[in-house]
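Undergrad: Here are the chains, one letter per residue:
There are 2 protein chains.
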Amino acid sequence: MSNNRRVILAERPRYIVPTANCFRIENGPVPELTAGNLLVRTTWLSMDASLYARVQRVSNQAEPIKLKEVMVGPAVGFVEQSQHPDFKAGDLVSGFWGWQDYAISNGTRLRKLDFGVQKPSYALSAYGASAFGAYIALTTLAPPVAGETVVVGTALGGLGHIAGQIAKLKGCRVVGIAGSAEKCQLAVEKLGFDACVNHSDEDFAKNLMQACPKGVDVFVDTTGGKALDAVIPLLNLNSRIAACGLMATPHFGEAAFKGKYQSTMSFMYELINRRISVRGLVVFDHLRSSLAQFHTEMKAWIDSGKVKPMEDIVNGLQNAPSAFQDVFESRNRGKRLVKVAD
Amino acid sequence: MSNNRRVILAERPRYIVPTANCFRIENGPVPELTAGNLLVRTTWLSMDASLYARVQRVSNQAEPIKLKEVMVGPAVGFVEQSQHPDFKAGDLVSGFWGWQDYAISNGTRLRKLDFGVQKPSYALSAYGASAFGAYIALTTLAPPVAGETVVVGTALGGLGHIAGQIAKLKGCRVVGIAGSAEKCQLAVEKLGFDACVNHSDEDFAKNLMQACPKGVDVFVDTTGGKALDAVIPLLNLNSRIAACGLMATPHFGEAAFKGKYQSTMSFMYELINRRISVRGLVVFDHLRSSLAQFHTEMKAWIDSGKVKPMEDIVNGLQNAPSAFQDVFESRNRGKRLVKVAD
Chain A
1 MSNNRRVILA ERPRYIVPTA NCFRIENGPV PELTAGNLLV RTTWLSMDAS LYARVQRVSN
61 QAEPIKLKEV MVGPAVGFVE QSQHPDFKAG DLVSGFWGWQ DYAISNGTRL RKLDFGVQKP
121 SYALSAYGAS AFGAYIALTT LAPPVAGETV VVGTALGGLG HIAGQIAKLK GCRVVGIAGS
181 AEKCQLAVEK LGFDACVNHS DEDFAKNLMQ ACPKGVDVFV DTTGGKALDA VIPLLNLNSR
241 IAACGLMATP HFGEAAFKGK YQSTMSFMYE LINRRISVRG LVVFDHLRSS LAQFHTEMKA
301 WIDSGKVKPM EDIVNGLQNA PSAFQDVFES RNRGKRLVKV AD
Chain B
1 MSNNRRVILA ERPRYIVPTA NCFRIENGPV PELTAGNLLV RTTWLSMDAS LYARVQRVSN
61 QAEPIKLKEV MVGPAVGFVE QSQHPDFKAG DLVSGFWGWQ DYAISNGTRL RKLDFGVQKP
121 SYALSAYGAS AFGAYIALTT LAPPVAGETV VVGTALGGLG HIAGQIAKLK GCRVVGIAGS
181 AEKCQLAVEK LGFDACVNHS DEDFAKNLMQ ACPKGVDVFV DTTGGKALDA VIPLLNLNSR
241 IAACGLMATP HFGEAAFKGK YQSTMSFMYE LINRRISVRG LVVFDHLRSS LAQFHTEMKA
301 WIDSGKVKPM EDIVNGLQNA PSAFQDVFES RNRGKRLVKV AD
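Going down the list, the protein sequences come from chains A and B.
For the first sequence, this note's numbering gives the first residue as 1, with consecutive numbering after it.
For the second sequence, this note's numbering gives the first residue as 1, with consecutive numbering after it.
Take these hints with a grain of salt, some might be off.
As the list claims (entries may be wrong) - In silico DMTMM-like cross-links for lysine to aspartate or glutamate, where the CA-CA straight-line distance does not exceed 20 Å:
id	chain 1	residue 1	chain 2	residue 2
1	B	K226	A	E270
2	A	K170	A	E297
3	A	K226	B	E270
4	B	K190	B	D303
To be verified - With the C-beta cut set under 10 Å, the calculated list includes, among others, these residues of chain A facing chain B:
id	residue
5	Q61
6	E63
7	L67
8	F78
9	G224
10	I232
11	P233
12	A248
13	M265
14	S266
15	F267
16	M268
17	N273
18	R274
19	V278
20	L281
Quick caveat, the hints were computed from the structure, so don't treat them as lab data.
In this text, a Cβ means the ideal position worked out from N, Cα and C, and glycines have one as well.
Please take these sequences and the hints and turn them into a complete structure.
TA: Next comes the structure, spelled out in structure tokens:
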């Protein structure tokens, strides 16, 4: 306990996607504990796509960090030393202190993992922001009923792989979308999806149609782009879209915003015609109303084996930048985490 | 009472817009009253843009009519003869018997105008489907609160001119969009809009922004297209869109569906980012739940002078086809009606 590695933002991404070269690792002393605060030692980091907003120049989804500052993000660790009345050395906590070995905290946004989390990393996977987003999508934004068909945009994503399992336990036919045959196989065999369609196939739209013989009632959209274009014609009367992400954007740069995809005209037409509801997901909006209920339900689902979190673990803080870039290139299989220490 | 003129569908529109040449007038005998039915004499017809669905080859909004059949649509008239227990000669009724001088009815979808309608034509303007759509848009799909800014897509349209007045009486800043300076002036001077922006101006988007210094909270979208494109950047957090029509479509033909406008990518981005809700309007869906309440409220608003229906009257059944085409070319100033007889 002498060196503190810190992953700082060295430059902003040129176009949305934070590539590994945007970050730099700096070494320095472990910060000294100050009165009323605590020192936390990082064990796990969560690689959330939504953190992209933090490295932009401006964003109205979250406050961007400054250049040379430590990259923020959800983390899990142990309290090493404490002068804070609510925490003691040895407590396992989650927080938002970000990509560094050690951090001083005044307790703000820090949470003791005392709600029965089965293992520490689950605080970031099964109970993290992505899984919570999946829960909100299927309970609040676009709730399905048993027997309906639910399509999940990124079957192996941090949000998608949980969404598929929640839809399944609610008695739905669940059809995933993923970018390779291998991922599709994982979705069906490991996660229990009824079907999964490869969006890299030339016949993607046709294959999706065949996988949804009764049309689509709920679409958990994590990508926009060609997945949305392929789902729109299949949407049933009174269908629902939970807009949870636009992961297709980085792959096409600015072109994505200029006529590559369906225009709003055809989308609005179908929206009226088929009484489609569309609601966007910003997880922060739902913390107060739904986080406690989510923890309770998710704990029961995991304990009973109905939900199996899939974790995709990269070792070493020094690998966080490339592990993060991977998420935008869909290289993850389940929730991407970085293991910093035991 | 010897000749019955009937406007029949002679050919289907080539592309969405039912032009006047799609119709033909036929003369024939007044139909004979049959047992249990009634004979109605038409006095007013309503030229609703939503009737476009009835002349398409296929539609899932409404059942299309067959070639050579009488064009259907909302009508008002007097019962001339009756063998129906619920109606007697002289009753003023509204129904859907369509574009002809006389019709036999078995009473289905026929309604006596006994709910206090101030004058017969109001059954089709102030209390008709367009006005009801405006009411549903602002009470159910996208309700504003006092002090918010409401933008109305077609300020002088059958739906738009009522929507603007409802938003105004709810204490909102109301900004209309129309296609000429003369229409904009009417919207402000006759209908009480706070401002109205001409979408034919080169500076349309900039002018709209200046007319909405606090952004846009509710958009009653009747056109899609460039109005929607101009409104999207102005939408506030938690704003609402009532998708009530796509009148921009006919002006651009198929091109409207292929990249002319913003793509779904940018729209979904803003939808998530600013928590925008979008709900489509199909008036039939709301008849059972809200029609009676609408009649009560609208009657009070008209009696107190808070809503002034604007009627745009064309004389003569023979002019119905061109009066109908006008609506798709935005030539109407308020609710377009055809006066068939006194």
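Undergrad: Take the hints in turn and mark each one as holding or not.
TA: Here is what the structure says about each hint:
{"no.": "1", "hint": "B:K226 to A:E270", "verdict": "holds (18 Å)"}
{"no.": "2", "hint": "A:K170 to A:E297", "verdict": "holds (13 Å)"}
{"no.": "3", "hint": "A:K226 to B:E270", "verdict": "holds (18 Å)"}
{"no.": "4", "hint": "B:K190 to B:D303", "verdict": "holds (17 Å)"}
{"no.": "5", "hint": "Q61", "verdict": "holds (6 Å)"}
{"no.": "6", "hint": "E63", "verdict": "violated (14 Å)"}
{"no.": "7", "hint": "L67", "verdict": "violated (23 Å)"}
{"no.": "8", "hint": "F78", "verdict": "violated (35 Å)"}
{"no.": "9", "hint": "G224", "verdict": "holds (5 Å)"}
{"no.": "10", "hint": "I232", "verdict": "holds (8 Å)"}
{"no.": "11", "hint": "P233", "verdict": "violated (12 Å)"}
{"no.": "12", "hint": "A248", "verdict": "holds (7 Å)"}
{"no.": "13", "hint": "M265", "verdict": "holds (5 Å)"}
{"no.": "14", "hint": "S266", "verdict": "holds (5 Å)"}
{"no.": "15", "hint": "F267", "verdict": "holds (5 Å)"}
{"no.": "16", "hint": "M268", "verdict": "holds (5 Å)"}
{"no.": "17", "hint": "N273", "verdict": "holds (6 Å)"}
{"no.": "18", "hint": "R274", "verdict": "holds (8 Å)"}
{"no.": "19", "hint": "V278", "verdict": "holds (5 Å)"}
{"no.": "20", "hint": "L281", "verdict": "holds (6 Å)"}
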